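Asks: So the protein lines, in turn, are chains E and U. Heads up: the first sequence runs through residues 1 to 299, numbered per our numbering. Heads up: the second sequence runs through residues 1 to 365, numbered per our numbering.
Certain hints may be false.
What the hints assert, rightly or not - Capping the alpha-carbon separation at 27 Å, the derived lysine-lysine pairs in BS3-like fashion look like this:
id : chain 1 : residue 1 : chain 2 : residue 2
1  : E       : LYS207    : U       : LYS305
2  : E       : LYS188    : U       : LYS104
3  : U       : LYS130    : E       : LYS207
4  : E       : LYS188    : U       : LYS305
5  : U       : LYS132    : U       : LYS107
6  : U       : LYS130    : E       : LYS188
7  : U       : LYS279    : U       : LYS305
8  : U       : LYS73     : E       : LYS188
9  : E       : LYS207    : U       : LYS132
10 : U       : LYS177    : U       : LYS111
11 : U       : LYS73     : E       : LYS121
12 : U       : LYS111    : U       : LYS101
13 : E       : LYS207    : U       : LYS177
14 : U       : LYS130    : U       : LYS104
15 : E       : LYS207    : U       : LYS153
16 : E       : LYS207    : U       : LYS101
17 : U       : LYS130    : U       : LYS111
18 : U       : LYS177    : U       : LYS167
Derived by calculation from the structure, the hints in this document are not laboratory data. Note that the structure is predicted; figures quoted are calculated from it, not measured.
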Amino acid sequence: MSTAALAARPTGGFGVRASLSRNRRWALITSYFFLVLFAIFFLIPPYYMVVTALKSDSEVARMATNPWIIADGVTLDQFRILLTQTDFLIFFRNTIIVTMCTVAITMVVSVFAAFSLGRMKFWGSGILATGIFLTYLVPDTLLFIPLFQIVKAIGLLNSYWGMVLVYPTLTVPFCTWIMIGYFQSIPKELDEAALIDGAGHLQMLTKIFIPVALPGIIAAMIFAFTVSWAAFVYPMAFLYSADQQVLTVGTVTSLIRGDVYKWGMLMAGALMAAAPPLVIYAFLMDYYIAGLTAGATKG
Amino acid sequence: MAEVALRNVVKRFDNVEVVRNISLDIPDNEFVVLVGPSGCGKSTTLRMIAGLEEISAGDIYIGGEVVNDLPPKDRDIAMVFQNYALYPHMSVFENMSFGLKLRKFPKDEIKRRVDNAARILDITELLDRKPKALSGGQRQRVAMGRAIVRNPKVFLFDEPLSNLDAKLRVQMRTEIKRVHQMVKTTTVYVTHDQVEAMTLADRVVVMNGGVIEQIATPQDLYHHPKTRFVAGFIGSPAMNFIRCRLEQNGVGLRVRISDTVGLPVPAAQSRRFQPFAGKELIFGLRPEHITEPRRNDRDANCEFKATLDVVEPMGMETMVYFTVDGQEICGRVDPGSAAGPGESMRLYADMDRMHLIEPQTGAVL
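Could you put together the complete structure from these sequences and hints?
Replies: What follows is the structure, encoded as structure tokens:
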């Protein structure tokens with residue numbers, strides 16, 4: 001190697017490193033730019049909700065004021081009236097009952113279905129698993145007419161228990177599908193080790209699979225919770241008394257009378273309705289992210 | 001403690017027969033190693049003994065009882081898997097005690113057994129840790145501990161050391177042997193590593209293509225292979241297989257491997273090989289039996305000259321590769337006497353260790 005070549009090498013290496021670091025810096029700047037842009041974009045509606053909920057009715061009605069700031073001072077009147085003079089708390093209670101029952105039913109059915117379809121190979125198990133997923137692809141707006149007939153036939157029309165019956169038809173297929181994937185990703189040696197240790201299939205499920213697949217189960221729970229908490233079309237079609245109504249439909253129907261919109265209370269109601277999902281997501285995300293299968297096998 | 005027996009066992013996956021009519025008797029306390037290349041049916045055989053695979057035909061006996069239709073938990077066996085298969089959400093103690101808890105053992109008995117196994121395996125200080133906080137070797141010890149606490153009739157090992165690095169593998173091999181000497185239990189161990197098979201086994205079962213090629217002690221397998229496959233599989237580097245003609249040489253016989261190289265068959269073996277005189281055969285000789293001429297009392301006719309193609313110094317010995325009549329041969333010589341590549345060297349074939357193989361059947365004569 002010539003002296004010139006020897007001298008050129010370190011310079012070339014440094015050049016490549018400098019260029020890599022410059023590339024990385026630009027990648028970071030671009031990422032942050034778009035992240036901030038999206039964060040602002042998605043935070044505008046919640047910000048508007050908070051600001052409006054803390055205004056008085058007169059300030060909301062006054063067109064001259066800037067809608068993005070609170071000019072006349074913060075007031076909690078909207079929350080007070082909503083909680084004391086409307087059926088909001090009944091809607092809230094109904095939604096909690098419906099959601100808890102839906103999540104419980106979904107998890108029991110999906111865990112058993114996913115375990116049998118994902119781990120116990122039997123004739124037709126593959127086709128059945130695909131079939132379950134295909135049912136999820138049918139839009140719920142197409143299903144609510146036949147479901148209306150069924151719910152009416154069993155006498156649960158205008159009862160939130162009808163929702164407990166209907167929501168799992170939306171949540172079970174998808175939750176089963178994502179849990180099949182989780183159960184299949186667990187090394188087969190784990191169930192073989194459990195079989196040899198003396199576990200039956202139920203013990204294998206409860207003592208090995210559920211704890212190991214907890215991130216998947218929590219993901220499925222979050223999904224079932226979200227679907228049930230935020231459902232609009234079914235309660236709109238199936239429920240019409242205020243005492244049976246859930247948050248999504250109840251808040252809107254009781255606070256919009258003809259062309260009169262109670263914006264302050266609507267925003268306060270939306271904020272309070274959004275709080276439980278936020279708290280639950282924040283709490284469960286830690287579990288969701290934790291990789292519980294670490295250490296089971298070589299890796 | 002129990003003997004294990006396989007009688008005409010067959011395993012088919014759809015129409016493919018992966019285990020073909022094998023029979024095997026394993027006496028109480030024996031350490032048997034099933035060895036063979038990938039796809040030879042050794043792991044399937046082990047899984048059939050464990051009850052993790054159904055058998056297509058034949059019978060499996062554990063402790064004299066037919067277990068064909070018994071589920072794994074009722075066979076009183078314990079198994080150690082290649083990838084450990086530890087329960088990731090349980091501590092080491094919980095992993096080891098899981099089987100005992102399911103069998104409703106009293107708490108103090110569980111603790112006594114786990115402590116005892118942990119002492120044997122030197123993992124007492126790890127009992128509170130989760131598997132993810134353990135190294136590969138420690139995980140494998142826990143997997144063994146889980147098997148030991150059960151005090152089963154039979155231990156089954158499915159390539160337990162394959163995931164460990166070379167140094168740890170040697171260490172754990174010794175550990176497994178030590179544990180077997182302490183906890184005398186019938187053991188069936190599957191590996192593709194012939195060194196593991198030779199060092200651990202009381203008897204080795206060599207499998208190939210779903211059949212048992214030979215069952216023998218490690219020494220017997222090495223010195224008296226029954227088939228060309230066994231001769232080539234056991235030993236590293238592999239035995240040299242050289243096309244030859246067995247010639248009559250006066251009253252004795254000679255192995256002719258080229259126009260210039262003909263090696264005399266020892267008188268003690270001539271009678272055995274006499275019926276094959278004049279036939280084309282395969283001459284088998286291990287690299288360690290092709291050396292530099294060492295002692296004066298050796299038969300000078302066993303010496304020959306070769307031009308070395310490749311020389312591989314290994315430290316305590318040097319591997320030399322040369323070609324005779326287009327066939328590559330490997331020898332193992334003293335580092336001090338090895339010539340360089342392209343140079344000529346005198347070599348000595350220890351014909352007392354020779355094998356002759358029938359080319360069509362692969363049987364060692």
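Asks: Checking each numbered hint in turn, tell me which of them this model violates, lowest number first.
Replies: Result: hints 1, 4, 13 break, sorted rising.
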